[in-house]
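For reference, the chains in residue letters:
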Amino acid sequence: MAAISFKSVSKSYASPKGPKGSTFLALDGVSLDIEEGEFFGLLGPNGAGKTTMISILAGLSRPTAGAVSVLGHDVQADYAQARRSLGVVPQELVFDPFFSVREALRIQSGYFGVKNNDDWIDELLESLGLTDKANANMRQLSGGMKRRVLVAQALVHKPPVIVLDEPTAGVDVELRQTLWQFIAKLNKQGSTVLLTTHYLEEAEALCGRIAMLKSGRIVALDHTSELLKAASSNVLRFKVDSELPKALADQARITGRIVQFPAHDALEIERYLAAVREAGLVAQDVEIRKADLEDVFLDVMNKNSQKPQELAA
Amino acid sequence: MNGWQTLLYKEVLRFWKVAFQTVAGPVLTAMLYLLIFGHALESHVKVYDQISYTAFLVPGLAMMSLLQNAFANSSSSLIMSKMMGNLVFLLLTPLSYMNWFVAYVGAAVTRGLVVGVGVFAVSALFTDLSFVAPWWILTFAVMGAALMGTLGLIAGLWAEKFDQLAAFQNFVVMPMTFLSGVFYSIHSLPPVWQKVSHLNPFFYMIDGFRFGFFGQSDVSPWLSFSVVGGVLAVVSAIAIHLLRTGYKLRT
Numbered sequence: 010m011a012a013i014s015f016k017s018v019s020k021s022y023a024s025p026k027g028p029k030g031s032t033f034l035a036l037d038g039v040s041l042d043i044e045e046g047e048f049f050g051l052l053g054p055n056g057a058g059k060t061t062m063i064s065i066l067a068g069l070s071r072p073t074a075g076a077v078s079v080l081g082h083d084v085q086a087d088y089a090q091a092r093r094s095l096g097v098v099p100q101e102l103v104f105d106p107f108f109s110v111r112e113a114l115r116i117q118s119g120y121f122g123v124k125n126n127d128d129w130i131d132e133l134l135e136s137l138g139l140t141d142k143a144n145a146n147m148r149q150l151s152g153g154m155k156r157r158v159l160v161a162q163a164l165v166h167k168p169p170v171i172v173l174d175e176p177t178a179g180v181d182v183e184l185r186q187t188l189w190q191f192i193a194k195l196n197k198q199g200s201t202v203l204l205t206t207h208y209l210e211e212a213e214a215l216c217g218r219i220a221m222l223k224s225g226r227i228v229a230l231d232h233t234s235e236l237l238k239a240a241s242s243n244v245l246r247f248k249v250d251s252e253l254p255k256a257l258a259d260q261a262r263i264t265g266r267i268v269q270f271p272a273h274d275a276l277e278i279e280r281y282l283a284a285v286r287e288a289g290l291v292a293q294d295v296e297i298r299k300a301d302l303e304d305v306f307l308d309v310m311n312k313n314s315q316k317p318q319e320l321a322a
Numbered sequence: 156m157n158g159w160q161t162l163l164y165k166e167v168l169r170f171w172k173v174a175f176q177t178v179a180g181p182v183l184t185a186m187l188y189l190l191i192f193g194h195a196l197e198s199h200v201k202v203y204d205q206i207s208y209t210a211f212l213v214p215g216l217a218m219m220s221l222l223q224n225a226f227a228n229s230s231s232s233l234i235m236s237k238m239m240g241n242l243v244f245l246l247l248t249p250l251s252y253m254n255w256f257v258a259y260v261g262a263a264v265t266r267g268l269v270v271g272v273g274v275f276a277v278s279a280l281f282t283d284l285s286f287v288a289p290w291w292i293l294t295f296a297v298m299g300a301a302l303m304g305t306l307g308l309i310a311g312l313w314a315e316k317f318d319q320l321a322a323f324q325n326f327v328v329m330p331m332t333f334l335s336g337v338f339y340s341i342h343s344l345p346p347v348w349q350k351v352s353h354l355n356p357f358f359y360m361i362d363g364f365r366f367g368f369f370g371q372s373d374v375s376p377w378l379s380f381s382v383v384g385g386v387l388a389v390v391s392a393i394a395i396h397l398l399r400t401g402y403k404l405r406t
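In order, the protein sequence lines correspond to chains D and H. Numbered by the numbering used here, the letters in the first sequence go through residues 10 to 322 in order. Numbered by the numbering used here, the letters in the second sequence go through residues 156 to 406 in order.
The following block holds chain D by itself, in its conformation from the complex (with noise of 0.2 Å):
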């Protein structure tokens, strides 16, 4: 049994901008089964329907058509069960400035009808660096430290299936690490992950299969190591000083001075910098690397271009 289930899910909304009545597809027909113990990552641009994607799952909207399920059960017919099987790492970092992080973490649990839970509630703390914070005000905890309670909050119930919507946006270098390290020891002990994130590195190194998703559809959906493959396979990268023609800089991924092309063989990398000489530019520090995922959505993204639809009603 798949562990989440999207079949022809698609919501719209009445649109905020455009003539009155008209809607804003945000899923467009998505489909897509995770399978028990998949570490997964579903990528997309701003806006693509990552989090309409999740806030579906999680009961909190409800898609316009299609049905929705975790580990068998509908997220809106039998939605008790679906939740407890659940654990959401909501995107915003959001708090109750009533309570310590030892109360949100009990009165989480209680929510889900599980008592006595101070040994898991202590392993969670231990796990994710918050041990000494335990009886602090949410309100006194940094940016970073509310996100560790986020993520504790998420999982008090122990749930099997367990959602990440960027968790790691704004986020400190020893938190992600502590942070990864603790879900993939859980993803190892048999959940079930599914992340979201901008950091196509983390997704890279963490999923093994991953869903691209561009203005409410799903663009690629393979094995991290397929798609790794499918791209071109090589990355020439330069820098220059000076901006370069358009005709050449479409081609492109630029970043400040850095410029990537992508290149299959030697001759394309000839091309390339052939291009740049003639027209007056000197390519500097130049290497030639494998492609990562960064470029594969890149690829993805730009073959995909198309406006998001607003549909009149």
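Watch out, some of these pointers could steer you wrong.
Pairwise CB distance ranges, derived in the manner of DEER restraints [stated by the list, open to error]:
(1) H:N157 to D:N313: 39 to 49 Å
(2) D:S31 to H:H342: 52 to 62 Å
(3) H:R405 to D:D128: 31 to 41 Å
(4) H:K172 to D:K248: 51 to 61 Å
(5) D:G179 to H:V272: 30 to 40 Å
(6) H:P330 to D:G38: 48 to 58 Å
(7) H:A179 to D:G56: 45 to 55 Å
(8) D:D87 to H:H342: 49 to 59 Å
(9) H:V297 to D:Q149: 33 to 43 Å
FYI, nobody ran anything at the bench for these hints, they're computed from the structure. Since we're looking at a predicted model, the values are computed, not measured. Heads up, the beta-carbon is just placed ideally off N, CA and C, and yes, glycines get one too.
Given the coordinates of chain D, assemble chain H onto it according to the supplied hints.
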């Protein structure tokens, strides 16, 4: 504790942690009303026979504080959770809509009763209190608090900003409580205003409650019981419907 008990506990803990503001404050306000109006009107206003104005005022003030605080508890808790976004912790749980209803209204009733008892405890220092029919007192206290807690739940679900909630409080709750006969017996009003007062459900809460203290009231306690019970049933049905359909909670 199971799910709804935990939510009830959390909601009670939420106001109890700031009891200075949520309990002591309202009790102090009620005492100021009692001292000032009691002092100013004691010799001028006669209510029923034999009952001093201050003694008449105490149950009304207690009920008014109870009602306002029951409303404030569920409404402010919900709007704050919505504004701060921490309502998501609750939305992610398997709690049913009936669990939500019982817990939010239960906590509102608790806060209302705590404030009401506080008002009596302090009033006892200034005037003699009588309790002719304690069961009526308890019945109207619980029903009134539940009604207002439910109304607060509806307002808290509906409001998206604090000022919308403040408008509800200032333009609906306050006028209806003040015009319900807290400070006067409606028999002292001109006939037209007596009729108008009879359309105000708050009047029946306070009148029935007062019957429990003096064995006298403007209308029969059974009529008050029926009206308050009927209104409670209606607002409960609305609140439960909103929770069940996820009104402004689940998009």
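Query raised in the report: Which hint numbers doesn't this structure obey?
Result: The structure conflicts with hint 5 only, although it agrees with all the remaining ones.
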